[in-house]
Amino acid sequence: MTTTTASKPSPIFQIARAIWRQLRTMRTALILLLLLAAGASLGSLFPQRPINPATVQQWISHNRGWAPLAERLGLFDVFGSWWFMAIYGLLLVSLVGCIVPRWRAFYRTLRARPRTASTLSLQPQYRSGTVALSPDDALSGAERVLRSKRFRLVRADGTITGEKGRLREGGSLVFHTAFLLLLLGMSIGKLFGFTGQVAVVEGERFTDTHIDYDSITEGRFFNEHFRGFQIVLDNFDVQWYPDGVPKTFRSSVRLFDQGRLIKSPTIEVNHPLTYRGVRIYQISWGWAPVIKVTQRGKVLYDGPTIFLPNQGVFQGVAKVPETTPFQMGLDMVFFPDLERDVRGNLINGSPQALRPVVFFQQYLGDLGLASAQNVYQLDKTHLAPAKTDAILLGATADLPDGIAVSFTGLKQYSVFELASNPGAPLLLLAAVLILVGLIPALYSSRRKIWVRVAPHNGVARLEIAGQAMQRKAAFEEEFRAFVRDLDKDLHQIGAPDG
Amino acid sequence: MVNPDLARLSDTLFWVTLAVYAGAMLLFFGALAYRSKRVGSIATLVAWGGALIHAGSIATRGLSVQRVPWGNMFEYSNMLGFLMVMTYLLIIDRRLGLRQVGGFVLGGGVLALASARLLYAPAGPLVPALSSYWIKIHVIAAITGSNLFALSFIFTVLYLVKDRSERRAATAYAGSTVGAAYVGGTTKEDGAPADLVSEEDAPAREGSSTGFLSRFPSAATFDTLAYRTIQFAFPVWTFAVIAGAIWAHEAWGRYWGWDPKETWAFITWVIYAGYLHARATAGWRGRRAAVVACVGFASVMFTYYAVNLWIAGLHSYAGVK
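Same order as they appear, the protein sequences are chains A and B.
With the numbering used here as the guide, the letters of the first sequence map in order to residues 94 to 591.
With the numbering used here as the guide, the letters of the second sequence map in order to residues 95 to 415.
Note that these hints are calculated values from the structure, not bench results.
No experiment lies behind these values; they were computed from the predicted model shown.
This list has only true hints and no planted wrong ones.
Below, computed lysine to any residue pairings styled on SDA-like, alpha-carbon distance capped at 20 Å:
no.: 1; chain 1: A; residue 1: K504; chain 2: A; residue 2: V426
no.: 2; chain 1: A; residue 1: K283; chain 2: A; residue 2: H318
no.: 3; chain 1: A; residue 1: K356; chain 2: A; residue 2: L366
no.: 4; chain 1: A; residue 1: K340; chain 2: B; residue 2: L224
no.: 5; chain 1: A; residue 1: K480; chain 2: A; residue 2: R389
no.: 6; chain 1: A; residue 1: K283; chain 2: B; residue 2: A339
no.: 7; chain 1: A; residue 1: K340; chain 2: B; residue 2: A223
no.: 8; chain 1: A; residue 1: K340; chain 2: B; residue 2: N97
no.: 9; chain 1: A; residue 1: K504; chain 2: A; residue 2: A488
no.: 10; chain 1: A; residue 1: K581; chain 2: A; residue 2: R220
no.: 11; chain 1: A; residue 1: K340; chain 2: B; residue 2: V221
no.: 12; chain 1: A; residue 1: K340; chain 2: B; residue 2: V96
no.: 13; chain 1: A; residue 1: K340; chain 2: B; residue 2: A215
no.: 14; chain 1: A; residue 1: K356; chain 2: A; residue 2: R320
no.: 15; chain 1: A; residue 1: K340; chain 2: B; residue 2: V162
no.: 16; chain 1: A; residue 1: K340; chain 2: B; residue 2: G156
no.: 17; chain 1: B; residue 1: K230; chain 2: B; residue 2: V162
no.: 18; chain 1: A; residue 1: K340; chain 2: B; residue 2: Q160
no.: 19; chain 1: A; residue 1: K385; chain 2: A; residue 2: T489
no.: 20; chain 1: A; residue 1: K480; chain 2: A; residue 2: V386
no.: 21; chain 1: A; residue 1: K385; chain 2: A; residue 2: E295
no.: 22; chain 1: A; residue 1: K340; chain 2: B; residue 2: S226
Isolated chain B, as found in the complex (with noise of 0.2 Å):
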């Protein structure tokens, strides 16, 4: 039923892709330390290979139990580091070519494997209660919501740095007091900053800030990213909800109980819809909506880490001995 063989291998790989993760986390800083264009793309090398190696280990804890590998925390924490990092490596650094905050999503994606090992169980089967086709729809919409809230908080704390930075620079020059997001007509009436436009014809709207700040893009443009992702993951959030409310249904008579778990999905939920909301309110916009989508991003955190380890309920699958 479990395959040993194949469970040890995918631990192995487990090991493997962490440590390959943290040493392609450190040549992202140190391209960006050292403005190396080179040791950028070895760290974007590196980081392809630990990304496949972590396939691997999926893939083969997976087969090792014949189910979906995200049945406990382990696994989900395991997944999680794993979207982030091919999220990553497909779009923000394939697509939008920002190579700048590869290290900090190598490391979320570090943060989430080591957590993922604390919470460590063995390959094993799924109780009664997760064993339904529910568990791929719900489940890996759960962790593709936090993945892309856990970018999008990496985003708004680069915006929140880069902006602070940007409205020093003004003040010292100009004596203005209005952050760099806010200049050259980049806030549009619904509250979002221009579109994201790549690096090269963005400076007329890029803010100035000196030293090591001055190498990423502008607060602007990190504010419409955070602002995207939050866009894309709220939908696939309510997704999330919607299902497990579903398979609630299915599985324990009633749709909706204020479980921990769903109480704090159901928190979530508010806080990234306040956030929407606060984009489109005068006097919220920036850095107060930014402050809004970082409390969201901490319920996020405790509607996965607190609520399973902390507070019993029906979700209590941890799997956590």
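Chain A on its own, in the form it takes in the complex (with noise of 0.2 Å):
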């Protein structure tokens, strides 16, 4: 920075340059990687609202002193928070400042030709010698031997000059450039793909709209889209092992869309069904006991509930609120294979259906349908708890006031994942050039070879140089290589005397 300039730039574009150059150096590359790997250690040290809510608010209560400190950092939601987005975004105005003048120079190596060095003897690996041969033949004969091992040839001034290995930097540039495009397929997916859940009990029917989902997040240009097919869940089949590992779980669905029906697949974990863009795919399972409520035998309730897992045992809840003088709700644990543990504890035997109870809980009062409320829980504000039961499949509980509650049969239910990821091609296709420009930007090295010839008392000099940018112990071998290979290469022209 030696030239002075009339009109000095202003501070703050200095200090901007100045950030802008330091941005683009490898140590701040370096630095920000290291960064980017402790921030996202965090993410896994700490619990995840994005991932387990649960786990979160567990965590929050047992460490109360840190929990405010640790929700103000954004601990709970590492991936998501300020300064996380703030390390990668620094990475990626690095990468880009960094590969932008890089694909310029390369562009302009691609279209230069090998440039021929002044002083040959000052290369790394030089050697010299004559033929007796004409300049002409001996050059030609170099050419034919860089040829056959592929070095890119110019050929001018009685020198040629043949370089290898550009792809190393073009390697390197596509490898990094990969990573704009990888970005730009997660964009993609965040913003105009969708994800959502649903349970599914066997016979009946779930619709691709948005009200029949139990769970959505959609991008912010998705747009309602949906496709509006229907899925008819006809079984849902759980097979294990002998020593109750699973073994499959298959649920077999009729797929209809405008009232046709399209196919009849089944889907499995690992083979998800798609349809029009979009996968579904099996993502859990359970049980749901079909519960019937009357009240001097009127029906007041009749249907398959589904009960959610919850560590070892399924819960699930029935509201009732057609009952008198109380509405009524219920709180319910479904075992499949009842038994009792060494202590006596109730367990469930396996996960199969051998010996199915439901376990209840009866609350009366207020069920509070006026508001919003969880279908699997109950609002307990205004209940208060009254008869506890428990029914076999097949039998019936009576309880006061004429309720009788029965456990009529039993069913199961498939959670569908459904999804669409308009950016998946272009994220195959950011990781496709990510390996393929890997390989090159690791492997390969950039090296030249010269070959000088001048005439030398009615013989040609000959002085052969090279340079390896990388490798160069390698290099040194191929170079020595080269020289032997010409030699044999000349040879059979006339014989050399040097």
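Hey, can you piece these two chains together into the complex? The hints should help.
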């Protein structure tokens, strides 16, 4: 920076330029990478709200003192926190700042012809000698040998310059640029895709509309672009190995679109169904005991009720607002295979429905249905506990006020995840480019060989020089091999003397 | 379904392998201590025998359960030990002639097998989440990557030890504080010391060190070996992570969800990416880069052991009860 300009740039501009320059250095990239690793590690050491909100609550209640600080620092959502985004944002800026000039330089080298060195004897590898050939023949021999070794050649003024290994820089650029593509793919998926989950009981139907999903995450530009197809779960099949390890989870479904049966596939773990850009995954499953509630013979509630798995048992609720004089809620626990362990505790003997029992706690009062609430939980603020009982499959429990609760049947439900990710093809492309770029970037090396021929007392005087930017020892070997092969080639034409 | 005879045979062969590897390790160290070429040859022969028995153990395990023999932590660690020993025998010993590191690699193999035994799971079928052809691709890539990172860690530690002794020798005799790895133009623009040269024609750049360590190749050689190994391991690991993401997209409906295993595989990847950059950064080459490589290997270990055993996640396939 020795040039002095008449009008000095403003100090802010200077600082900005200094920061920009600093950001582009390898050292900054390195430090940012290490920071990224350190930051990500926090994301696995602290419970993460987007992954497991319940554990976060647990952590907070166990660490009251630290919780507010951890919350402030975004430790419960590290990968969405401002500082994590700042690290990878800076890394991206550094990346772009690094690869743009490098692409430009690479483009120039692609177009430029290999440059001739003026003094060959100063190159790291150097040999000289004479051959009893005309300079032209000798040079053509060198050209032939270099070409057979797939060097890129320029021949001018009695010198051949051969160059090889531009793939290294090209690969490195492809590798680094692919991360921008990766980011683009991720953004497209986030903005235009959706993910929804739904539990479907055997024999029931699910329609791909907003209201039918149990939970849904939509991209900002997804725009309620539901396909509206329907899935009927005909049968859910779970099979076990004798030691209780699950063998298969298989949902047999029928897929309808606009009233027409499209296909009757099965959906299994690792074998999602794809239809109109939506992939349908087998996520989990559970039991749906058929519960029937009557009061003085009048059926008030009847149907398969989804019980959610919770620490080895299944929990469900039934809300029956039409009972009199109070509304009734049932908090239920389902054991597919009820057994007692050695201490006399009730446990599940196996995951199979060998001895299905429903335990329930009756609540009476006001269910609070006027306000929106979770279908899988009772709002107990205006409910008082009443009777408890257990019913075997096919049995009925009689309660006061002529209320009867029956366990009339047992079904299973299957939980599906439906997702569309329009960014996926781009992500795959980026992943391929990352790998394709990485290999030459790590293994290729850039090297040059020069051969200069000058007439010398009626014979040709050869100067051979070489230089490698990387892997110099390997190049030494390559250079030696080249000289050997050139020697052999020239021998076939005339005898060398040097 | 599970063939109990084959499974038992596999377990027996496993124990034999562990004993033979431990014997080979001791022989390698003995050969090093007594500078005995003959003991070194015997150690190599014993290691080959162990590897053969090990291959038998793995094959019978696979046959007993009719699937790939890397479906839980026991099998994974077992495979890891096998790949380490095979890489040593086929490449480090036969191609590079570096018999001095045999004891360390076999020691690594013994540790891998011992940890496998601690994480033992009886022969059994795979849960549905693992029943996919991706287990062949993703898991074998992860094991190969771990194997190469483990070997690079051995080289890195040997580099650090050797470099220290060379520096001391250099200080003692010449007053220099520059390690031998940086003498004689062995460090190039991209930070890579010269290619590995077999020992015979290496003396020009061999640093001097005294005593036991003088029996090892130069620090520069180990540095190069560590670098080369990581250069090889890094794309393999990259591939393992990508294959994992594709499998996750296939099985769980998302390609990336910051599951603990994903997070730590990513951390490992980023640290080694940092290492590759460090080698091209002034002031970070040599010892500092080596420290980054050591942190990287710690992360590999954490990704594998700690995440599987202590952190609950979607990758809880340890099979450890």
